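Here is what each chain is made of, one letter per residue.
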Amino acid sequence: MILSAKASDMTVADRVGVVVPVGMLGGGFPRQTVKRGIALGADAIAVDGGSTDSGPYYLGTGMARTSEAAIRRDMQILLTAAREAGIPLIVTSCATAGIDAGVDWMAGIVESIARDERLTFTMATIYSEQSAATVLAALDAGQITALPPAGSLRASTVLRCAHIVGLMGHEPIAAALDAGADVILAGRATDTAPVAALALRRGLPAGPAWHAAKTVECGGLCTTDPRSGGVYVQIDRTGFTVEPLDPHTSCTPATVAAHMLYENADPFRMREPSGTLDTSQATYTACGDRSVRVEGSQFEKASQATIKLEGSAVAGYETVSIVGIRDPHILANISTWLDILDGTLNDHVQTLLGLDRSDYETQLRAYGYNAVLGSLDPDLSTPREVGVLLKVRASDQATATAIAKIANPGLNHLPLPGMTHMPSFAFATSPAEIERGPVYEFVLNHTIDWAGPGELFRTEFREVANA
Amino acid sequence: MRDQVLGTVAELIRSKNAGPFWITLDVFLANDADYRRVSAPGVLDEATIARLYQVPAGQIRVFRLPSLRAIKISFPRPTPQGSFTDRDMHAGQQHIPLAALRLPPAP
Numbered sequence: 001m002i003l004s005a006k007a008s009d010m011t012v013a014d015r016v017g018v019v020v021p022v023g024m025l026g027g028g029f030p031r032q033t034v035k036r037g038i039a040l041g042a043d044a045i046a047v048d049g050g051s052t053d054s055g056p057y058y059l060g061t062g063m064a065r066t067s068e069a070a071i072r073r074d075m076q077i078l079l080t081a082a083r084e085a086g087i088p089l090i091v092t093s094c095a096t097a098g099i100d101a102g103v104d105w106m107a108g109i110v111e112s113i114a115r116d117e118r119l120t121f122t123m124a125t126i127y128s129e130q131s132a133a134t135v136l137a138a139l140d141a142g143q144i145t146a147l148p149p150a151g152s153l154r155a156s157t158v159l160r161c162a163h164i165v166g167l168m169g170h171e172p173i174a175a176a177l178d179a180g181a182d183v184i185l186a187g188r189a190t191d192t193a194p195v196a197a198l199a200l201r202r203g204l205p206a207g208p209a210w211h212a213a214k215t216v217e218c219g220g221l222c223t224t225d226p227r228s229g230g231v232y233v234q235i236d237r238t239g240f241t242v243e244p245l246d247p248h249t250s251c252t253p254a255t256v257a258a259h260m261l262y263e264n265a266d267p268f269r270m271r272e273p274s275g276t277l278d279t280s281q282a283t284y285t286a287c288g289d290r291s292v293r294v295e296g297s298q299f300e301k302a303s304q305a306t307i308k309l310e311g312s313a314v315a316g317y318e319t320v321s322i323v324g325i326r327d328p329h330i331l332a333n334i335s336t337w338l339d340i341l342d343g344t345l346n347d348h349v350q351t352l353l354g355l356d357r358s359d360y361e362t363q364l365r366a367y368g369y370n371a372v373l374g375s376l377d378p379d380l381s382t383p384r385e386v387g388v389l390l391k392v393r394a395s396d397q398a399t400a401t402a403i404a405k406i407a408n409p410g411l412n413h414l415p416l417p418g419m420t421h422m423p424s425f426a427f428a429t430s431p432a433e434i435e436r437g438p439v440y441e442f443v444l445n446h447t448i449d450w451a452g453p454g455e456l457f458r459t460e461f462r463e464v465a466n467a
Numbered sequence: 468m469r470d471q472v473l474g475t476v477a478e479l480i481r482s483k484n485a486g487p488f489w490i491t492l493d494v495f496l497a498n499d500a501d502y503r504r505v506s507a508p509g510v511l512d513e514a515t516i517a518r519l520y521q522v523p524a525g526q527i528r529v530f531r532l533p534s535l536r537a538i539k540i541s542f543p544r545p546t547p548q549g550s551f552t553d554r555d556m557h558a559g560q561q562h563i564p565l566a567a568l569r570l571p572p573a574p
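If you're matching them up, the sequences are chains A and B in order.
The opening residue of the first sequence carries number 1 in our numbering; numbering runs sequentially from there.
The opening residue of the second sequence carries number 468 in our numbering; numbering runs sequentially from there.
Only chain B is shown next, with the shape it has when bound in the complex (with noise of 0.2 Å):
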């Protein structure tokens, strides 16, 4: 199978504020094997958003939910919400960059 990204590939990827100062980006795969590609190793990790979103790999918290299938990635806001060089009030369209995420081949 040729590579995909991960927007084609999970069933709901939506970043959102968690309050004014950090924003939040949660990945839901539909079944087991799809949840199983994109938490191996090295595919969606501290290193792969800090590319991605342009921040320091130390602040970022990745939390993986096998029960849900559901990878929760956090980092600080690089503008605060509502500054004057803040692009999206609502942090509501940062999916974008992770959605694009190149992901290896399926097994």
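If we strip away everything but chain A, and leave its shape as in the complex, we get (with noise of 0.2 Å):
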């Protein structure tokens, strides 16, 4: 652990100012934007790295999302701006799924720009991921608790998973800054730690602090342009005042206000680890044209913290096949054309490979007609173009492509009732049939009992040192 000069920094203070260049790292930002927010007066730069929005590929195989190039990039303006300001960067959710590996992939990319840029300082690398060990302890022992719509959690549900990480709260991160850290780079983390975390090290109420910290999570989606670049905000002891970094672009009461029902169940109450954020009191006033002034938020610290988990496990293997059509007379009668594709290719499938219907699963989904809604969609009018997309999915990648082959046929040539010649359709692809490999499911909405600093997370530090 660094004990340094810099704990003079984390005294009480009456306002904290954080910079949030960009609502996930990796989308890109004008440079200029952050030096305006430093300009005003920041005290952080706060960054989500991660979201489970792209599915649960990204936590199976830990893979990032976002491209190394558009990573570097953003980290490349933030190291620099942030190390020039003498104030620290917070980057949670690492390589978008927060495993261990996802934050050592971050820390080379931020030793790189550091030898590139010859910059010198403390890194704290804060580790989220948990092994199946500590989750089965935690569920013999009672303290795994099911989030709805979820049942309780079975001890083989969390073998099956290949990667399983908790979501930080602020304390981590705030422990890291205590430490004298100046570049925390954390696994999976709520998108509203970094922000809060230093706010909350100072003193700051809970409430305004994770108000504020869950209207600038997205970056600029609380503001009239989301596209302009981030957000500025300064949390105080009675609220806080949020602004876009853009000049040409405001924040309004109803862009902030409405940003409390984005990708929230409940658009007044957000569980974090230490208690549940309450907006229901908040009031959102305007500030001059383009900043907003939010008081009244509430914070009610829960009995038993508690760190949600995320966990993915392989669900099996996927075959895919796309074909085209564009013959009228099929699409005028598309569903029947499918209903028969679909008894055709599972009375084959059973009787060539002598599967059982429990063995492996096929789904046709037509694209330009109801591909994307199924059975809800209210308008099934004759498309004037369709894509088939055919998935399969076995326990293994050669029957789920052996059950696409035997469909392949029926995508081709596959006739309706009364035509008196065999139609071809267009496949996009040869082969027809597209190996996806492994694919992933997420299998926890469960809770963790946590006993507080110590417990789950792991912090190293190491100095960064290119004179």
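FYI, nobody ran anything at the bench for these hints, they're computed from the structure.
Source: prediction; values computed, not measured.
All C-beta atoms in this analysis are idealised placements derived from N, C-alpha and C, irrespective of residue type, glycine included.
Watch out, some of these pointers could steer you wrong.
[As the list claims (entries may be wrong)] Part of the chain B face toward chain A, derived, beta carbon under 7 Å:
#	residue
1	487
2	543
3	556
[What the hints assert, rightly or not] Calculated cross-link-like contacts (lysine to aspartate or glutamate; reagent style DMTMM-like; alpha-carbon spacing at most 20 Å):
#	chain 1	residue 1	chain 2	residue 2
4	B	483	B	555
5	A	405	A	356
6	A	391	B	470
7	B	483	A	266
8	B	483	A	356
9	A	301	A	266
10	A	391	B	513
11	A	391	A	339
12	B	483	A	339
With the hints in hand, could you dock these two chains into one complex?
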């Protein structure tokens, strides 16, 4: 642990300003917007590097959704700006899913930029991956709680997971700041944790800190022009004030208040590890033309701190085929055509491969007709063109592809009843079968009780020196 | 005035994941009259959503935010995000059935 003269920076403050340059690291932003945020008096730069929003593949494999080149470009701007201003840079949910290897991947990028830019600083890496043993021990101890709509957690589900992460709150980040870290690279965290950490560490109240953090967690999404760049938020003892970093963009009471609705099941309440933010009494007031003042946010401390878990497991192997249909006669009867294809496919798979219906899954999606909404689609009028996607899943790749090959003649040539010739449709690729490899599914929607600092999360410090 | 659908009356209707296991729909109205029309009893409630989305009414949460002229609806995803039969990774297109909801005539 590093004890440094910087500890004096961590005294109680009346206000803390944070620059959030972009909703997700790698998304890109104008360099001058960060400079503007620092000129406004920023005490830290905070950015979220991850999400579950792109699906279970990223946690299952540990791969980042964003390209290394895009991360490097954003981090070069942020790292040089933060070091020049002498303020901390906090990045959470590194490499999309926030697994331990993703934190190390980000650390490698940061060290490489530091060499190029000849920067010297203290870096903290905080790890949030959880072993199956840790989760199983908590399960045995009755410390795992299901979140709706999940049922009780089963040990077999835990053992299936390729990776499990716990979403840290502000506490491990605040502790790293306390120890003098200039750059903090964290594994999976709540989207709000990097913004709230410094304000909470400096003794500002939890209501304004968490509400401010929720407001700015997607960068410019709480403004009139989300594409113009990020935001600057200043948190104080009674509330917070938020403004866009682009001088031509505004925050209005409506854009700021509406952000509590975004990707949130409940627009008034949001759970963090240490308690629940309640914004039902919050007031939103315009401050000049471009900023908004928010007051009245409350935070209810929980009797038991909990950490939300995310887990992704292999769900099988997938093969897909894509065929295009433009013939108006087929399209006028596309629903019948799909039903016949589905029926004959399953008959042939069971006959030819000797598989039972529970050994595999197939789904036909007619893009251009009802692929996106399925049976919920309110408009099933005749399409002009359809792309049919066949999805096949089985317990191994060879079986999935064998099933797709059995579907191939039907996808290529299936006529409608009464047709006197054999039609041919438009395959998109050769071979028609596209092997997707292992596919993943989210299997955890549970929390684990958290005893506090020292539990579940691990922090390492290193000096990055380039004299 | 003849019947209208919600999609033509609302200023914005959107859908999105709220985590991998929930879907949330937001409806924003442009003025108080439209908000009152859509918030009237029986227009946009748990039973309406249960019918449009084929989900149990007991799992549906409806929030009314008059100060924003907004109505928010959340319910568990019928298929978890990214699972084999999930048709919409971000649930970004699931507002369409709601947009097609026929409204009673404006008073």
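Okay, the hints, checked on the actual structure:
| no. | hint | in the structure |
| --- | --- | --- |
| 1 | 487 | 4 Å, holds |
| 2 | 543 | 4 Å, holds |
| 3 | 556 | 5 Å, holds |
| 4 | B:483 - B:555 | 10 Å, holds |
| 5 | A:405 - A:356 | 17 Å, holds |
| 6 | A:391 - B:470 | 40 Å, violated |
| 7 | B:483 - A:266 | 13 Å, holds |
| 8 | B:483 - A:356 | 36 Å, violated |
| 9 | A:301 - A:266 | 18 Å, holds |
| 10 | A:391 - B:513 | 33 Å, violated |
| 11 | A:391 - A:339 | 15 Å, holds |
| 12 | B:483 - A:339 | 30 Å, violated |
Checked against the numbered hints given earlier, the structure breaks hints 6, 8, 10, 12 and satisfies all the rest.
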